[in-house]
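Given these sequences and hints, build the entire structure.
Here's the letter readout for the chains.
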Amino acid sequence: MNADVRLEVGTELPTARYELSRDDLRAYAEASGDRNPIHLDEVTARSVGLPDVIAHGMLTMGLAGTVVADWVGDPARVLSYGTKFTAPVVVPADAPAVVEVAGTVVALDEAAGTAEVDLVVTSAGAKVLTRARAVVALS
Amino acid sequence: MTVTVDESFAGRVYPSTGTTLVTADTVRAFARAVRAAHPSHHDADAARAAGHADVVAPPTFAVTLAQAAEQQFVADPAAGIDFSRVVHGEEQFTHHRPIVAGDEVAAELHVDRVRVVRGNAMVTTRVELSRADGTALSTVVSMLVVRAPEPATPTEAPA
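As given, the protein sequences belong to chains A and B, one line each in that order.
With full-length UniProt numbering, letter number 113 in the first sequence gets 113, and the count goes up by one each step, no holes.
With full-length UniProt numbering, letter number 140 in the second sequence gets 140, and the count goes up by one each step, no holes.
Keep in mind that the hints were calculated from the coordinates and are not lab data.
Computed from a predicted structure; not experimentally measured.
Check the hints yourself; a few may be wrong.
[As the list claims (entries may be wrong)] Label pairs and their in silico Cβ distance ranges:
id	chain 1	residue 1	chain 2	residue 2	range
1	B	R12	A	A93	39 to 45 Å
2	A	A93	B	F83	19 to 25 Å
3	A	D23	B	G51	33 to 39 Å
4	A	V106	B	P39	25 to 31 Å
Where is the CB? At the ideal position from N, CA and C, for every residue including glycine.
Below, the structure written as structure tokens:
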């Protein structure tokens, strides 16, 4: 975060856009240990009623967490972070899914030195995370 | 149809069964997977310059330690959870101090809530991550939804 920018409620974070391929899902599965086949195998995904392979919700949450950490300038300053998962990020075999992240400061606590950020995370026109909020330390 | 998750698991506590060493390689691989390029994740010198003992885990890394602990409940056949029908409902991290490479992390699992709503089970777990010396690291609350199976045949009566 640029220290010269005056932070106030309504301040917007820089938007980010990520492409997710099946290889990216495999890399997240390896890195996280979450090898649920609905993220890796379309036959399994379809057999349980999903349209295709879907990204790990935690991968999407992780990408949005990266946006917050980059903005605040130090990942250790992300004090809390939560979300509901409301729609899947569908990842076809032949083209990457696109995940877009926007964020807005919705509260400042000057005594505690913290800011609360509301994140809007969408893919293919659908809001994939709901009530995605992080509290960050400002120094 | 309805799922058959055992609601009597609510309230159970699974003490830590040992510690997991967080390595710099696991921190870096996780950071790459979530596109976190900050030097604190990748370069021990940069992390030390920022006041940390070693490379710092990204904000959602704690889920890897929490999910391993959750398996004690989620993978217990007696709990009745079909993992292929599990979708993630909610996740909340509260970080007490950053997790860094070299931490030996203990995980205490709490099954806070199990309830069946409209045939789907909603299971809320809480994992308290700490260092072996008791220093609190993160509280990780996860809500999983176990989706009801589709009716086996179109003529099957609703449950």
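Verification of the supplied hints:
1. One distance hint, 39 to 45 Å for the beta-carbon pair R12 (chain B) and A93 (chain A), holds here, with the actual separation near 40 Å.
2. As the Cβ distance of A93 (chain A) to F83 (chain B) is approximately 23 Å, the hint placing it in 19 to 25 Å holds.
3. Taking the beta carbon of each, D23 (chain A) and G51 (chain B) are about 35 Å apart, inside 33 to 39 Å as hinted.
4. A hinted range of 25 to 31 Å for the beta carbons of V106 (chain A) and P39 (chain B) is consistent with their spacing of about 29 Å.
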